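If you read the protein sequences in the order shown, they are chains A and B. Under the numbering used here, the very last position in the first sequence is 835; numbers go up by exactly one each time. Under the numbering used here, the very last position in the second sequence is 835; numbers go up by exactly one each time.
Some clues are possibly wrong.
Taking lysine-lysine and the BS3-like style, the derived pairs with C-alpha atoms no more than 27 Å apart in a straight line are [stated by the list, open to error]:
#1 B:Lys606 with A:Lys526
#2 B:Lys523 with A:Lys606
#3 B:Lys412 with A:Lys650
I should point out that these hints are in silico values taken from the structure, not numbers from a laboratory. Being a predicted model, the structure only gives us computed values, none of them experimental.
2 protein chains.
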Amino acid sequence: MKVEIIAIGDELTSGRILNTTSSFAARNLFEAGYEIYAMHTIGDSPSLIGEALKRAIDRVDAVLVTGGLGNTDDDLTNEAVSRALNRPTMPNLEILSSIRAYLDEITTEPVGKLEKLAWLPEGAQALSPQSRMAGYQLIHEDKPVFFLPGVPNQMKQLLVDHVLPILSTWHKDHHLATYQTIFRIFNLPETEVNRKISTLDLPTDVHIGYYPVFPEVHLSLIVRDKKNNNAKRLFRSSCKAILTVLGDAIYGQDRESMERVVGRLLQKKSLQLAIAESCTGGLISKKITDTPGSSAYFLGGVISYANSFKNDYLDVSLQLLDQCGAVSREVAEAMAVGVRNNSGSDIGLAVTGIAGPDGGTDEKPVGTVYIGIAASEENWVTRFRFSGDRWQIRNMAAQSGLDLIRKYLLQQDTEKQHSQIFEQY
Amino acid sequence: MKVEIIAIGDELTSGRILNTTSSFAARNLFEAGYEIYAMHTIGDSPSLIGEALKRAIDRVDAVLVTGGLGNTDDDLTNEAVSRALNRPTMPNLEILSSIRAYLDEITTEPVGKLEKLAWLPEGAQALSPQSRMAGYQLIHEDKPVFFLPGVPNQMKQLLVDHVLPILSTWHKDHHLATYQTIFRIFNLPETEVNRKISTLDLPTDVHIGYYPVFPEVHLSLIVRDKKNNNAKRLFRSSCKAILTVLGDAIYGQDRESMERVVGRLLQKKSLQLAIAESCTGGLISKKITDTPGSSAYFLGGVISYANSFKNDYLDVSLQLLDQCGAVSREVAEAMAVGVRNNSGSDIGLAVTGIAGPDGGTDEKPVGTVYIGIAASEENWVTRFRFSGDRWQIRNMAAQSGLDLIRKYLLQQDTEKQHSQIFEQY
């Protein structure tokens, strides 16, 4: 079953806003077994909206339109739909009464501009009229067409709670059995990944894609077959083959981020981490604490941006800072040891470097980063030389710091992480 | 002059990867005065690629295609272009020799799969053959068509360094004089912004758009006219009117983020900031240090995730933690005072709260956040109740913390920040 996605809004075609809603819709539809035929982004122009909508209804089985449903003057989707599909707009009484009830809580003023939200093309069925979220379904030429708001949170909620369940009742038999996964790879270039995979001689039904997603490479594996058992068998054997040739360069799968993998390993071993960050300025701690429940393995961190912070909070001696410089092997180790000792954590991670664009020297150019780890039995420091801009250098440094912790924790193990992934198949 | 953008890649239509390159291209083309007719995202399918390309060449003045130029097996753009536009692929000798020279540095093996990078559709002019970045231009039916790699860094560099300069030599006279800006608003809902603006009765040539960009609202102002002076005059008067009705709810303009505005104000006043973060876990410090040169006004921070960190690093007494709880007005103030005193900064900012999804109570539900500020003359704490998921709560908390600092710094001033913006017009 083919789906086309149309995102509407001048804010998207002028590039002011990144279109995250279409990607979210595509991922969820794709994972539910639909084929995404194409995605379009067009401005708030009724004629273009109508043209794109009609072409999509002609050639695919379902259409998803996002954006332009609000009550401000630049929201023109309903007008465009009405004209293109020849369905005059009419007031939806349920929505009107919901708006009135909402307003009654705060004012006795008339509905005013909000009334626009209730005027929908003929035949529209509101998806969630009581929720105060715009969004409706039309059946046009016997095909489902969904209209969702452009506001990401609302769009996502309506897609998951309403659109996917409704769609699943359409043309069920057309689905192919689909198995797919993403292997997330760090520290191995795309061409090297490609070269290793091409030694495998996988059957042509196995679809492999390579995607550099800075700072990682993602390898996508998709297997489709009319027979579920065939697809499943081929998928499993392909996974095993890929895991064998790529080893622990694969740090995780699907949506599992590096910080989640590290968190899981720390938790499994009941170890606690504390972090001292200089050039990454809080990025690593932010990543770690993105995960709910991270307080189980993360004690805290010190962002020692100024040298006084390195001295006061991490016990890095001013003499050492003076002698070796803040960006040095010695200071990275002292920071890691300092944050570990002062916090009582099992592992201390420290990052100091030059993120740029200024501050580089011949000896220590922009991109020079020292990452130190302090643990019970030993400390060590790795020097990196990252290229790119400030954002890239900071992200490479953060990811590399987490990857060093991951490898340290895996080393401790007799069983490797990817053997755990194995068990899933 | 109308431009259409086509992004190619299964990784985009399956939603695995967010399409950031199209937005980047749209923003830069739009700011250079071009109209973005539409943007499309399609999978690695030669027939779809060809169809979209031909339709675009038919209806707009220039086309930009990104993705599918690499040397892995799923890169099919050149093949599709070759078929759709009837231009057989041929080896580009300059690219071949550049690949050879690159390989010579590391291996004596034959070019192998990399040779694919050198086979381009007839008539292709490589944009930067020595750079090892794929990317070329075709003139088809007297219209420029650009093909860029999908890798964001490469695409961005080639767009800015090659595509925009080449495009500017085409049809110069078709450009309208365009003035545009984005006003960035925090802490005022979209409908309220709309209501205030609608009191202005701006002329119809002034195009206003409202965009909720969590956690902000962006107001876009665009004025176009054949005569530069008319456009400029109308733009200036509209800016002044908007600034007057929205006041300091407007925190910045265009790409100026909240953290940059705060940094600029701190620097202007020669004040230094230190931060103690609990529920935001490093997010505020990360935002502040995203800006190069932030060491001029940011000393560092403490991520006091565990209570022991609050006690050891911020001198928050265990008794106070026990008595009031880590998420409390008293602890927020003590954290702000602690980080200010211990670091010797002028201002201490502290955030403690419940980001969720767990940890809420009836008295302090998920989303409860206390933000404390300690300064030379006084300390104060504000309680917030944010709604949404963990990501939203953390981002609202971070943005609110920065906004409190901004308002504190503006209060200190007789001249307000938006009066500075005024001066630009």
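Hints versus structure:
1. B:Lys606 with A:Lys526: Answer holds: lysine 606 of chain B to lysine 526 of chain A is near 18 Å, not above 27 Å.
2. B:Lys523 with A:Lys606: holds (13 Å)
3. B:Lys412 with A:Lys650: The hint is violated at about 49 Å.
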